[in-house]
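Position chain B against the provided structure of chain A, taking the given hints into account.
Taken in order, these protein sequences are the chains called A and B.
Number 83 in full-length UniProt numbering belongs to position 83 of the first sequence; there are no gaps in the numbering.
Number 70 in full-length UniProt numbering belongs to position 70 of the second sequence; there are no gaps in the numbering.
The hints are simulated quantities; they were obtained by calculation from the structure and are not laboratory data.
A couple of the hints might just be wrong.
Coverage of chain B stretches by chain A, computed from C-beta distances (three or more under 8 angstroms per stretch; other residues unrestricted) [what the hints assert, rightly or not]:
#: 1; stretch: 13-20
#: 2; stretch: 27-41
#: 3; stretch: 322-330
When the alpha-carbon atoms are kept at most 30 angstroms apart in a straight line, the in silico BS3-like pairs for lysine-lysine are as follows [said to hold, decoys possible]:
#: 4; chain 1: B; residue 1: 600; chain 2: A; residue 2: 499
#: 5; chain 1: A; residue 1: 607; chain 2: A; residue 2: 246
#: 6; chain 1: A; residue 1: 502; chain 2: B; residue 2: 622
#: 7; chain 1: A; residue 1: 607; chain 2: B; residue 2: 125
#: 8; chain 1: B; residue 1: 105; chain 2: A; residue 2: 622
#: 9; chain 1: B; residue 1: 242; chain 2: A; residue 2: 600
#: 10; chain 1: B; residue 1: 622; chain 2: A; residue 2: 105
Every residue gets a Cβ at the ideal spot worked out from N, C-alpha and C, and that includes glycine.
Here's the letter readout for the chains.
Number of protein chains: 2
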Amino acid sequence: MPLGQRAGDKSESRYCGVEVLDFPAGEELPAVLSHSLSSSFDFLLAPLVDPDYRPTPGSVLPVAASDLVLGPAQWSSHIVGKISEWIDLDAEDEQLRLDSEITLKQEIAWASHLSLQACVLPPPKRSSCANYARVVNHILQGLTNLQLWLRIPLEKSEPMDEDHDGAKDNSDMSDTVDSWEWWNSFRLLCEHSSQLCVALDVLSTLPSMNSLGRWFGEPVRAAILQTNAFLTNARGYPCLSKRHQKLLTGFFNHSVQVIISGRSNHNVSQGGVLSGDENHTEDTAVRHALSPYLDYIAYIYQRMDPLPEQERFEINYRDFLQSPLQPLMDNLEAQTYETFEKDTVKYTQYQRAIAKALVDRVSDDDVSTTKTVLMVVGAGRGPLVRASLQAAEETGRKLKVYAVEKNPNAVITLHSLIKLEGWESLVTIISSDMRCWEAPEKADILVSELLGSFGDNELSPECLDGAQRFLKPDGISIPSSYTSFIEPITASKLHNDIKAHKDIAHFETAYVVKLHRIARLAPTQSVFTFDHPNPSPNASNQRYTKLKFEIPQETGSCLVHGFAGYFDAVLYKDVHLGIEPNTATPNMFSWFPIFFPLRKPIYVPSKTPIEVHFWRCCGATKVWYEWAVTAPSPSPIHNSNGRSYWVGL
Amino acid sequence: MPLGQRAGDKSESRYCGVEVLDFPAGEELPAVLSHSLSSSFDFLLAPLVDPDYRPTPGSVLPVAASDLVLGPAQWSSHIVGKISEWIDLDAEDEQLRLDSEITLKQEIAWASHLSLQACVLPPPKRSSCANYARVVNHILQGLTNLQLWLRIPLEKSEPMDEDHDGAKDNSDMSDTVDSWEWWNSFRLLCEHSSQLCVALDVLSTLPSMNSLGRWFGEPVRAAILQTNAFLTNARGYPCLSKRHQKLLTGFFNHSVQVIISGRSNHNVSQGGVLSGDENHTEDTAVRHALSPYLDYIAYIYQRMDPLPEQERFEINYRDFLQSPLQPLMDNLEAQTYETFEKDTVKYTQYQRAIAKALVDRVSDDDVSTTKTVLMVVGAGRGPLVRASLQAAEETGRKLKVYAVEKNPNAVITLHSLIKLEGWESLVTIISSDMRCWEAPEKADILVSELLGSFGDNELSPECLDGAQRFLKPDGISIPSSYTSFIEPITASKLHNDIKAHKDIAHFETAYVVKLHRIARLAPTQSVFTFDHPNPSPNASNQRYTKLKFEIPQETGSCLVHGFAGYFDAVLYKDVHLGIEPNTATPNMFSWFPIFFPLRKPIYVPSKTPIEVHFWRCCGATKVWYEWAVTAPSPSPIHNSNGRSYWVGL
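So here's chain A without its partners, still in its complex pose (with noise of 0.2 angstroms):
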């Protein structure tokens, strides 16, 4: 049963899961699967062989269940299996290491034979943990639909100073600060197999917030809540500190499940609770032991704020690689005009913009002798026709309006707008493409929406210096200027989706995508900037600018899989309108993000900073980005000479 009901949440972070710790012997699995179930959690983390098997020739598995005891929908729907925890693959006993191979190999084999969706794999023992890697690398290449999970504690000490001496601790692990890097080079190894995912354990102690958003870039299944990481509320009952809810909502907004695990700490005597073992069956209407922790992992998800309509409606597009419009040599249809003409925030700024240039331009004395021409390049369907008359008419101007467009389909569809408003003698109609008509007269005030994702990508600049010839000199533009921005993610989900394609050129991609499962890893900085009316008109629109990131010292070490993009532009003066994180217009939906990914993840390590390299090339028929990293260490310039991704001009 889900945790609650959430308006738009369709996701599987509201199925919670809970640990069986010890081994269902004699097949008590269905019995406690069933108490289970009826005590309100969705699904079981359990043992799917005997702890106390080591593989024999010839010996049949000692399985807790056959797929006879609990049938194949039941496994696939409520079971996530839970490999062996004695497992050792980098033992210094090369016994051992054997039989690691060949249980863990079975046990997987037995998983894919009960159709489950995922197993979870034990932490690894220690730091170095190649030959662990090696052998789930192995077992990658053979499955279809099963996931990997490994566990991972969430754990991240602070460096310290002096030498460990703990020379003999049986444990490699006394010397790891960071359970982030055993995630990282475990992954690496494993080519960033997308069916290798983690479950992370929650423990008391949580690391610094900068260190646990890395997680949200990384493919986190599951969270694996330990019950001695409650804390006790006055009436007794389990709770979580601040940080740990806060978290928690992290985990619920980006679709990882919760997994109780542990003994009950919490002996509540609500509804005949027993305080002991989870297993306890022999009456269905007993509750479970951990049934308050579970009310309160609901109380938290319940607590949570509704998804905002706009959300909603764009869930679908969390993650979903898009390519940019081209907008200058594609005509756009019906459709995606009706989309952005949606966007009231937009068009809102557009018409402030407008009305404070009309005033800047007309004073009052002059309203009744004076005629603003304004000029709508790129008209489109006409919303900014609309904004610049509503502006006019706010503030008194007159005003006499161009709207040049170069689809000849958005053109019909303007004529008949104008004809339906009423505007004939306000408005004419300019079928062309703006670079080069050859205007009446000059305009006092250029309005446009040329911008994309990122700014400059749809070719604004090249479409602006092109109409520039017929704006008076001292005329305006609106926009009057623009600034592409970038910050360095982790976005593990991005980059497996681009790797599917198996090429170099869709790495060599920009994308548009809202981004959601990713880690924002340092202050987003300004790439380029053009601004309008060009102040030198026979300038190049070409661009180079480095740009340094130094990463949070408290976020440890992360794995940059490529750059996220955003633009704000300056309409007129303090009217402003963007997509920069820290600067974003509320409520507006007509851009998502831009994505510069990486062909090879960069792996940066504490205390490194990122620099990165940012070029704006501009052909005769095309105008395309170049992009590279030169430190913590070099990647190839990725799309030389728009090889793989341009704007066609």
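Just chain B now, with coordinates in the frame of chain A:
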């Protein structure tokens, strides 16, 4: 005219060039060329375009000489183009950057028009040279034959502890420690383009030998020797320090051409030498001002030992990748047998080992009464049968030989050998695979030559485990053990050859290759050892070894393209056989090293160890290796499940 005749050397390092320092204005170039050629230089490094030129629309490129003044054949055989040195693509000044980009592209286009073989690019002017690399990368995408040689000063200063305070220094290079780092960033940004090479400027001071050694794994095409790197001998002639001489010999051995550069500092009054400008051309009888330097270079060249005969025979195999033999799965051809049988050193070692074993086995007292049963398993066309019989004769021991061979074609040859030599009474031929032969009696000595370049890689362990059934419990196996070794190497040529296949499989294959243009970065370490007879015959022949290589600190940083592999075998007691560089058997030619590549070369910062893992994996029908690096940064696991490379059982 070549520097001299050196037996076997057909490499380009026989040719010596001279750098033209001034711009040969007014079409002076043909005269300079003719004077240089008549002074025994083979080619010029000459500027192509007036260094005062800056791009202006519509202007004609002011070239040194057109293809009418100097014919295409002369251009392509005698001129290496020198790109204008003022070019600075990473300058702060945007106009200078843009002018540089245009000029560089124009000059390279002109060089391509002239069919030049190579152009020298000026050295990076600052440690950050991403824009320079981007433009060169653009150009490389469009080149077919022209090579670009990036000029790099050969310098590596020891890092200093105090901070530099020359913040206002014009050159950003003041903080540069190691010029190899520039090259490395540049080529990584340019994706290891095979047409991007290096021209090293050799200065008067040289870095340590370990640091110089790195360059022998890089595509160095020219060493530009500055006249001020020369010393003066007692008679006033130019000469080089011992370390410079050694470096020069190294260049000659690695096909690196020398180019002499600079003003004459040695006014030697011989043959009418005039001091001053090497562009003096009034009289071709006038000796070239740099002739004394050329004479000295030729002297160094001629003084080198001729190439040994074996080396001359193998010269065409240098750095040529071959797939390892599969002698178990495939039958070898007569030609292959014949080649390997010529390795007398190898069979002499076998004979010594067998003789020692016979003497140990049969005391002098028992010589007349005891006959030793010796089985040659994998007898081929009989070379080990011959060695065995010679050992018996030498030691006076009686021998009964079984020659077991699975290749029916080799068995035919064996029969005729026995007949020819009259060995019918001594040798029994068995046409069978040793793994399934039912022997009529047990052997005292088992002799085999099943070793590959990496020891066990031709499945000697599996074959000998199969033959062990018919070895007496106290019997002797020759070889009695073998061990494989690896070392990390720089090998850009091999990397590029593998990359040309444009797939992952070729990067997950081991190659047999006569390693030549490589840099050995750390001493070899042992990987796997096999003992025969196998003390625990039921144990698996799977192996796993983790190794840590420390690169000498004075080497500096380096790039690891993969691992060179070798073996050493103990035939019997102190008689060994092998190709491990430190202990290699002299004058043996049966094995070239093996090379395990890395899909992505790994940058190893100075003072950072390399951690590498090797696995020998065994399946029902095949044996394969997997390998991975985990430090300084994890690589993918190579050849998972033997998907790309395996040896058939």
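- Message: If you count the residues of the stretch 13-20 of chain B with a beta-carbon closer than 8 angstroms to a beta-carbon of chain A, do you get 3 or more?
- Response: violated (count 0)
- Per-stretch coverage check for the stretch 27-41 of chain B, three Cβ contacts closer than 8 angstroms to chain A: Violated: only 0 residues of the stretch 27-41 of chain B have a Cβ under 8 angstroms from chain A.
- Message: Can you confirm whether the C-alpha distance between residue 242/B and residue 600/A stays at or below 30 angstroms?
- Response: 44 angstroms, violated
- Query: Taken at face value, is the distance from the CA of residue 622/B to the CA of residue 502/A at most 30 angstroms?
  - Reply: Distance of about 28 angstroms is within 30 angstroms: holds.
- Restraint check for residue 600/B with residue 499/A, where alpha carbons must lie at most 30 angstroms apart: 16 angstroms, holds
- Message: Please verify whether residue 607/A and residue 125/B have alpha carbons no more than 30 angstroms apart.
- Response: 28 angstroms, holds
- For the pair supplied as a hint, residue 607/A and residue 246/A, confirm whether the alpha-carbon distance does not exceed 30 angstroms. Holds, at roughly 26 angstroms.
- Message: Given the hinted pair residue 622/B and residue 105/A, is their Cα-Cα distance within 30 angstroms?
- Response: At roughly 19 angstroms apart (the allowed maximum being 30 angstroms), residue 105/A and residue 622/B satisfy the hint.
- Are there three or more residues in the stretch 322-330 of chain B whose C-beta lies closer than 8 angstroms to some C-beta of chain A? Violated: only 0 residues of the stretch 322-330 of chain B have a Cβ under 8 angstroms from chain A.
- Query: CA of residue 105/B to CA of residue 622/A, is that 30 angstroms or under?
  - Reply: 19 angstroms, holds
Hints 1, 2, 3 and 9 from the earlier list are contradicted by this structure; the remaining hints agree with it.
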